[in-house]
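Knowing the structure of chain A, use the given hints to seat chains B and C on it.
Given next are the chains, with one letter for each unit.
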Amino acid sequence: PPFTNQHYSFLLNSLNMANQNYKQVFSFFLLISLLLSDNVSSVQKPLDLKKPCKNFVLYHHNIAYDTDNAANATSSTVVNPLGLGTFDFGKIVIFNNPVTTDENFLSEPVARAQGFFFYNQKTTYNTWVACTLVFNSTQHKGTFTIMDANPMTQPTRDLSIIGGTGDFIMTRGVCTFSTDLIQGQKYFRLKMDIKLYECYN
Amino acid sequence: PPFTNQHYSFLLNSLNMANQNYKQVFSFFLLISLLLSDNVSSVQKPLDLKKPCKNFVLYHHNIAYDTDNAANATSSTVVNPLGLGTFDFGKIVIFNNPVTTDENFLSEPVARAQGFFFYNQKTTYNTWVACTLVFNSTQHKGTFTIMDANPMTQPTRDLSIIGGTGDFIMTRGVCTFSTDLIQGQKYFRLKMDIKLYECYN
Amino acid sequence: PPFTNQHYSFLLNSLNMANQNYKQVFSFFLLISLLLSDNVSSVQKPLDLKKPCKNFVLYHHNIAYDTDNAANATSSTVVNPLGLGTFDFGKIVIFNNPVTTDENFLSEPVARAQGFFFYNQKTTYNTWVACTLVFNSTQHKGTFTIMDANPMTQPTRDLSIIGGTGDFIMTRGVCTFSTDLIQGQKYFRLKMDIKLYECYN
Numbered sequence: 001p002p003f004t005n006q007h008y009s010f011l012l013n014s015l016n017m018a019n020q021n022y023k024q025v026f027s028f029f030l031l032i033s034l035l036l037s038d039n040v041s042s043v044q045k046p047l048d049l050k051k052p053c054k055n056f057v058l059y060h061h062n063i064a065y066d067t068d069n070a071a072n073a074t075s076s077t078v079v080n081p082l083g084l085g086t087f088d089f090g091k092i093v094i095f096n097n098p099v100t101t102d103e104n105f106l107s108e109p110v111a112r113a114q115g116f117f118f119y120n121q122k123t124t125y126n127t128w129v130a131c132t133l134v135f136n137s138t139q140h141k142g143t144f145t146i147m148d149a150n151p152m153t154q155p156t157r158d159l160s161i162i163g164g165t166g167d168f169i170m171t172r173g174v175c176t177f178s179t180d181l182i183q184g185q186k187y188f189r190l191k192m193d194i195k196l197y198e199c200y201n
Numbered sequence: 001p002p003f004t005n006q007h008y009s010f011l012l013n014s015l016n017m018a019n020q021n022y023k024q025v026f027s028f029f030l031l032i033s034l035l036l037s038d039n040v041s042s043v044q045k046p047l048d049l050k051k052p053c054k055n056f057v058l059y060h061h062n063i064a065y066d067t068d069n070a071a072n073a074t075s076s077t078v079v080n081p082l083g084l085g086t087f088d089f090g091k092i093v094i095f096n097n098p099v100t101t102d103e104n105f106l107s108e109p110v111a112r113a114q115g116f117f118f119y120n121q122k123t124t125y126n127t128w129v130a131c132t133l134v135f136n137s138t139q140h141k142g143t144f145t146i147m148d149a150n151p152m153t154q155p156t157r158d159l160s161i162i163g164g165t166g167d168f169i170m171t172r173g174v175c176t177f178s179t180d181l182i183q184g185q186k187y188f189r190l191k192m193d194i195k196l197y198e199c200y201n
Numbered sequence: 001p002p003f004t005n006q007h008y009s010f011l012l013n014s015l016n017m018a019n020q021n022y023k024q025v026f027s028f029f030l031l032i033s034l035l036l037s038d039n040v041s042s043v044q045k046p047l048d049l050k051k052p053c054k055n056f057v058l059y060h061h062n063i064a065y066d067t068d069n070a071a072n073a074t075s076s077t078v079v080n081p082l083g084l085g086t087f088d089f090g091k092i093v094i095f096n097n098p099v100t101t102d103e104n105f106l107s108e109p110v111a112r113a114q115g116f117f118f119y120n121q122k123t124t125y126n127t128w129v130a131c132t133l134v135f136n137s138t139q140h141k142g143t144f145t146i147m148d149a150n151p152m153t154q155p156t157r158d159l160s161i162i163g164g165t166g167d168f169i170m171t172r173g174v175c176t177f178s179t180d181l182i183q184g185q186k187y188f189r190l191k192m193d194i195k196l197y198e199c200y201n
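Chains as they are written, first to last, in the numbering used here: chain A, 1 to 201; chain B, 1 to 201; chain C, 1 to 201.
Bound-form chain A, shown alone:
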């Protein structure tokens, strides 16, 4: 159980009363101890979204395979859409995309984004994505994984960060995607605003 304001108040009161009535203080603390000996029920606390323990922006570049660009392609459709609607329902894409600190996809990558996404809506373009950022530089070694619905037609969307390893061991948080640039079927760039709220390293 976390140490709350109520506990502080108890201590405060106890200190004030210390010279007055030791026995009363004793029984108060005994009561608290008994109450606290229960199981943990659950964690319920508001999170200050403005104060992540780590916050940084990265750019994610996807170059789709079109059978002619094997040298440059970083992602490919592996299951074709099935014709349920006209928004690619059922299409699955696997990727291993470079991740950079600026918008230039020729910049030295600081990570690779490895994962897949698929289209799952009949009435608009909408994807579900699972993606691990793999860092292997002098600055960062480790991974963390993003997974969530990705309603691409919205200007920004929040996706869950659910775990990590190495420098990002056990991390959790939120990644805000915004589609920075789309060039037809060939290339898109995502801005990823990464906010970690649990940092253990």
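Any given hint could be a false lead.
Said to hold, decoys possible - Cut-off 25 Å, straight-line C-alpha distance, at most; resulting in silico cross-link-like pairs (SDA-like, lysine to any residue): (1) Lys-141(C) <-> Arg-157(B); (2) Lys-91(A) <-> Thr-123(A); (3) Lys-141(C) <-> Asn-201(B); (4) Lys-141(A) <-> Asn-104(A); (5) Lys-186(A) <-> Thr-127(A); (6) Lys-91(B) <-> Phe-188(C); (7) Lys-54(B) <-> Arg-189(B); (8) Lys-91(A) <-> Arg-157(C); (9) Lys-195(B) <-> Ser-42(A); (10) Lys-122(B) <-> Thr-67(C); (11) Lys-191(C) <-> Phe-87(C); (12) Lys-91(B) <-> Ala-70(B); (13) Lys-122(B) <-> Lys-91(C); (14) Lys-51(C) <-> Gly-142(A); (15) Lys-91(B) <-> Asn-80(A); (16) Lys-54(C) <-> Leu-49(B); (17) Lys-122(C) <-> Glu-108(A); (18) Lys-195(A) <-> Pro-151(A); (19) Lys-91(C) <-> Gly-83(A); (20) Lys-50(A) <-> Asn-201(B); (21) Lys-91(B) <-> Ala-64(C).
Hints listed in this document are in silico derivations from the structure and should not be mistaken for laboratory results.
Chains B and C in isolation, oriented as in the chain A frame:
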């Protein structure tokens, strides 16, 4: 480090001794401070399963695409079973299913369940599922993601809730699935009993 | 907010001053209470990697389906590689593999590993994996899920454990994979060194 009963006892004892021996108290606290300055080793505490911070029941409706029902279908097989056994091993289904607060699939959806599942057993029907509930109503905005094995032949099965965004930011918990109704290959309804044990909003 | 050394110091100082100046103590505590009444900003603490709350080693056996071994096969390719490079980019495998406590794949399984992986690199063998360990023995009932990039050519690699149910409810941690044995395309064995840092059961 969490504030435990032991710490309370120390404080309690310290208060009792306060007028007797300040130096002893001082060294006790110094000892505690030194002990607590270590790294966090790990979290080990029992969870009272009867006290989630949020608990609600939703119904998940899956209408399978059969090539004739494009208007109504909400899910579709995208990879066919490969013939390893007779329980659909290898079949992959992508869905975007309505989620309602009661059993009627015509009720106004409160969320969409977006994700996929696949069959992975030779000897019985058994799936593995990943699924994000996307809430976009006046009551709730946000997402959380369920992921786990789903042994469909058992009357109830627990699946992990691993993260979320918006109203469900960083949430974790357990979702108990029970198959409410199956109508051949065309329709099934899942009851989802959602218990969140970490709530930050 | 966790109870830190700073809080201890405050209390310590307060106790020391208790008989000297009650009003000063009072205002100090009032200040602390006000500071602590803010929202939780984030969790930032180092994790002692040597002290998991649970640590055990399991072996994961994968027998690939080759159309002739339906009786023994525990995994199968469900989407074939697409020819982008020569390292199986795009190949998806679904598995339901036995997990044992020793290296012998004929030992009584203590769990099944259910999930999928896919190849996602043009220049070497590299996979991304999602996998739930399903325990159903007298010793353990429950599940936990592993998910991460799996750079198979490295001797060891850390993967995130992101959640669980039953005996492993809400668990988190890291699983270190090492490829123990490969027999061509037919069989491989993974050693899984499982370290849980959040245990609620």
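Taking only the CA atoms, is the gap from Lys-51(C) to Gly-142(A) under or equal to 25 Å?
-> Holds, at about 20 Å.
Given the hint that Lys-91(B) pairs with Ala-64(C), does the C-alpha gap stay at or below 25 Å?
-> holds, 17 Å
Restraint check for Lys-91(B) with Asn-80(A), where alpha carbons must lie at most 25 Å apart = Answer holds: Lys-91(B) to Asn-80(A) is near 15 Å, not above 25 Å.
Hey, Lys-122(B) versus Thr-67(C), does the alpha-carbon distance stay inside 25 Å?
-> Distance of about 14 Å is within 25 Å: holds.
Does the structure keep Lys-141(C) and Arg-157(B) at a Cα separation of 25 Å or less?
-> It holds: about 12 Å lies between the C-alpha atoms, which stays within 25 Å.
Lys-91(B) paired with Phe-188(C) [C-alpha distance capped at 25 Å] = holds, 23 Å
Taking only the CA atoms, is the gap from Lys-195(A) to Pro-151(A) under or equal to 25 Å?
-> holds, 19 Å
Between Lys-91(B) and Ala-70(B), is the straight-line Cα distance small enough, at 25 Å or below?
-> The hint holds at about 20 Å.
Holds or violated: are the alpha carbons of Lys-191(C) and Phe-87(C) at most 25 Å from each other?
-> Between Lys-191(C) and Phe-87(C) the Cα gap is close to 23 Å, so the pair holds against 25 Å.
Take a quick look at whether Lys-141(A) and Asn-104(A) sit within 25 Å of each other, Cα to Cα.
-> holds, 22 Å
Restraint status (C-alpha distance of Lys-50(A) to Asn-201(B) at most 25 Å) | With a Cα-Cα distance of about 14 Å, the restraint between Lys-50(A) and Asn-201(B) holds, given a limit of 25 Å.
Given the hint that Lys-141(C) pairs with Asn-201(B), test it: the Cα-Cα distance must not exceed 25 Å.
-> Answer violated: Lys-141(C) to Asn-201(B) is near 31 Å, above 25 Å.
Hint check: violations occur at hints 3 and 8; the rest are consistent with the structure.
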